[in-house]
Amino acid sequence: MPRNITMIEAITEAMAQEMERDDRVFVMGEDIGLSGGVFKATAGLYDKFGEERVLDTPLAEGNIIASAIGASMVGLRPIAEIQFADFITPAMESLVQQASKIRYRSAGGYGCSLTVRICCGGGTGGGLYHSQENASWFVHEPGLKVVMPSTAYDAKGLLLAAIRDPNPVLYFEHKKLYRTAKGDVPDGDYTVPIGKAEIRRQGRDMTIVTYGYMTGLCLEAAEQMSKNGVDAEVIDLRTLSPLDKETVLDSVRKTSKCLVVHEDKRTLGIGGEISAIIAEEAFDDLDGPIVRITGPDIPAIPFAPPLEHAWMVNTEKIVAGMEKLAAY
Amino acid sequence: MASKSGRAVAELETEKSDNGRKNGNGRELMLGLYKMLVKCRMCDEKARILFRQGKYAGNFYSGVGQEAAEVGAAYSLREDDWIAPSHRDWTANIIKGAPLNLCFAQLFGKATSPDRGKSTPAHMGYPPIHTITPASSIAGQLAVGTGVAFGLKKLGRDTVVVSFFGDGATSLGGFHEALNFAGVHKLPIVYVCQNNLWAESVPLRLQTALKDLSDRAKAYGFPGISLDGNDVMAVYDAATRAIARARAGEGPTFLECKTYRWYGHSEIDPAKYRMKEEVEAWKKRDPLVLFEKVLRDKKLLTDESKADIAKEITQEINEAVEFAEQSPYPDASELADHIWAQE
Chain A
1 MPRNITMIEA
11 ITEAMAQEME
21 RDDRVFVMGE
31 DIGLSGGVFK
41 ATAGLYDKFG
51 EERVLDTPLA
61 EGNIIASAIG
71 ASMVGLRPIA
81 EIQFADFITP
91 AMESLVQQAS
101 KIRYRSAGGY
111 GCSLTVRICC
121 GGGTGGGLYH
131 SQENASWFVH
141 EPGLKVVMPS
151 TAYDAKGLLL
161 AAIRDPNPVL
171 YFEHKKLYRT
181 AKGDVPDGDY
191 TVPIGKAEIR
201 RQGRDMTIVT
211 YGYMTGLCLE
221 AAEQMSKNGV
231 DAEVIDLRTL
241 SPLDKETVLD
251 SVRKTSKCLV
261 VHEDKRTLGI
271 GGEISAIIAE
281 EAFDDLDGPI
291 VRITGPDIPA
301 IPFAPPLEHA
311 WMVNTEKIVA
321 GMEKLAAY
Chain B
1001 MASKSGRAVA
1011 ELETEKSDNG
1021 RKNGNGRELM
1031 LGLYKMLVKC
1041 RMCDEKARIL
1051 FRQGKYAGNF
1061 YSGVGQEAAE
1071 VGAAYSLRED
1081 DWIAPSHRDW
1091 TANIIKGAPL
1101 NLCFAQLFGK
1111 ATSPDRGKST
1121 PAHMGYPPIH
1131 TITPASSIAG
1141 QLAVGTGVAF
1151 GLKKLGRDTV
1161 VVSFFGDGAT
1171 SLGGFHEALN
1181 FAGVHKLPIV
1191 YVCQNNLWAE
1201 SVPLRLQTAL
1211 KDLSDRAKAY
1221 GFPGISLDGN
1231 DVMAVYDAAT
1241 RAIARARAGE
1251 GPTFLECKTY
1261 RWYGHSEIDP
1271 AKYRMKEEVE
1281 AWKKRDPLVL
1291 FEKVLRDKKL
1301 LTDESKADIA
1311 KEITQEINEA
1321 VEFAEQSPYP
1331 DASELADHIW
1341 AQE
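Chains as they are written, first to last, in this note's numbering: chain A, 1 to 328; chain B, 1001 to 1343.
The set of hints was computed from the structure by calculation and includes no laboratory data. Check the hints yourself; a few may be wrong.
What the hints assert, rightly or not - EDC-like cross-link-like pairs, simulated, lysine to aspartate or glutamate; straight-line CA separation at most 16 Å:
id	chain 1	residue 1	chain 2	residue 2
1	B	Lys-1154	A	Glu-52
2	B	Lys-1154	A	Asp-23
3	B	Lys-1186	A	Glu-52
4	B	Lys-1154	A	Asp-22
As the list claims (entries may be wrong) - Incomplete in silico selection of chain B near chain A, CB under 8 Å:
id	residue
5	Lys-1154
6	His-1338
7	Trp-1340
8	Ala-1341
All C-beta atoms in this analysis are idealised placements derived from N, C-alpha and C, irrespective of residue type, glycine included.
Only chain A is shown next, with the shape it has when bound in the complex:
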C-alpha cells in the first residue's frame, strides 16, 4: 500500500523493516542511537531494537567502517552511518584498502557485505565541512558500489538492495532531499536494482545525465526548455558504480547530444567519466560536444549565502548548458 512519505521516512522504514526481517542486520554510527541521528534517519530504531542493534559509536569514522567490515566477515550485515560525507576521510583506509580489496586479495576467501549510509550535499548553508558530496572518490575504487537516490521510492528500494548486496555499498543521501523528496512509497518489501539507471523524462533532442538532488533540477530545466521546443531526455543514474552505461549510450544514440549535470566538483568527476564513455563508444552518434554543468573546481562550498549560491548548480545554469548544446 503506497503512502506519500519523505525520503528520510523511506530510509528509516527500510532499515526498520530489514532489521525486523533479518536479525543479522544492525546499524552503527555517531549519534544514531539515543538521539536518532542528526537528521533523524534512525529515529525510533533504538527504542525498537535496543543498543545491541542500534549502536552509538566512538567518534572515529575509520573504526566505524573497520569494525563493520570485521563484523561482515563473520556473517553479519552492518549498516554503518557516516554523519557527513565531509568526515569520511578518516575512513579512507578502511573503505579503500580494506572494504574494496578484502575479497580480491583473498580470492573470494573473505567477503564484505557492508552498507555505508553517507549524508552529503550542499545548498543548506552547511559551509565547507557540512556540504561536500565526495562520491566520485569511491567510484574510482572497483570493489565498492556507489548509489545515490533521488526519490523517496528509490531511497527505500535502493537501501534494501544495498543491505542485501553481498558487496560493500556506499549509499549517499543528499540532505536537501531528506524532506523535500516526497512521493508514493509502498509499505511492503521491494528493491530497486543496483546498477540500473532510470529514465525520468523521455525526450528526443538531447540527453541529460544526472543523479541525486540534481535530478529534480534537471527535470525543471527540461520543462522550461520544452517551451522553447527542446525536448530533453533526463536520465537519473541512481547507481554511480557500476555505471549503467547502456542506458546512457542508448539514449545518446537516440538524441545525439549529451549534457552531464552534477553538484560535485568538476575535474575527474562523474561527468568526466560519462563524457569519456560517450566519446569512446558513441562518438559517431554525436552532433555536438558533450557539455558538463557541475560544481566548480573550488575546494568546498563556502558559507556566506551569495558564495554558496554561486557555487551550487541550479536550474538557470542547467538551462544555460541546454541552450548551448541546443545550438548545435
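Place chain B on chain A using the hints.
Frame of chain A; chain B shown alone:
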C-alpha cells in the same frame, strides 16, 4: 624482562588447560612449542633463501629472531579462533595449521595459494583456519581484526582474535581507534605487539616517548603487559591467560613482546642503520637457543631428538617447495576474478 617460564611450566603441569587445542602436559607442550619454533625458523630461513635465489619476486619480511613471540602467542589458539597477521607474520599461518604446501605456494604467487596469487608473498591469509589475508597498510589489519572480534562478540561466540603488529603500528591513528573501541566493548581480542625496536629503519626512540608500549593499554582501559618476547614460555603463559580472559568475555589484553628481528625490514633492506653490536647482542638471545637450553636441562631434548626434528621439518619443507615450484601460475584470465561477490 624477567622470565616467567619457570612458574608457567609448573602451573601448566598441574592445571589442565581448557584453552581449546590439546597441548598436553608440560612435557608435551614444551616439545610442541620447540618443534613449532624450529619449524617457523626453518621455513622463514628457507623463504629468504628462495627469494635470494630469485625463485620468487616481490619481497619477503623475515620474522627470524621473533619466533618466540609469535609461537607463544598463537600456539594455544583453538581451530575456530582468528589471527589478524601483519606483514612479518607469514609463519602465523603455519602455527595456526596451514599446510606448508600452501604457505610456499603463497611465496611463489601460484594458483594453488589461498589467494591464487593475488596478494604478495608474505601477506598470507587462509580462510579455513581464520587467518585474515593482510593488507600492507600498517594497522589497517589490526582495525579489521578488531572488527572481527566485534562481530564474534555480537554473534555470542566464545571465539577470540589474536592481532599481530609491530612497534611502528602503535603510532597510527587506526591503532588508537581500534583499541579504544575494543576497550569500550570488552572485545575478545589479544593485541600482540612484537616490539623489535625498529620500524623499518626508524628506531623506537623516534617512534615513541614510552619505555614500555604496554603503557598504551592504560588509555584504553584494559591490561597491558610487557614481557621478554624471546622467552617462549613467558609469552605462552601470558597469551594463554589473555586468551582465556578474552574468551570469558572480560575483554582485551595488550601484550608487548620485546624482541628483535635479525635481518632487515625486508629482503632488499641491508639494515645498515643498525649497530652491529646491537644485532650480535640480540642474536646471543636467540629464542630457539634459549628454549633449547631449558629443554636440555629438563632432559626433554637430546642431540639425536633435535636432529630428528630438523630432519622431519626439512623433508616437509622440501616437499612444499617442490609443490610450489611445480604449481602453475594463475592464468591471466583470472585478473578480474573476485572483485565482486555474485548475488
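Verification of the supplied hints:
no., hint, verdict
1, B:Lys-1154 - A:Glu-52, "8 Å, holds"
2, B:Lys-1154 - A:Asp-23, "11 Å, holds"
3, B:Lys-1186 - A:Glu-52, "14 Å, holds"
4, B:Lys-1154 - A:Asp-22, "14 Å, holds"
5, Lys-1154, "6 Å, holds"
6, His-1338, "4 Å, holds"
7, Trp-1340, "6 Å, holds"
8, Ala-1341, "4 Å, holds"
Consistency with the previously given hints is maintained throughout, with no hint failing.
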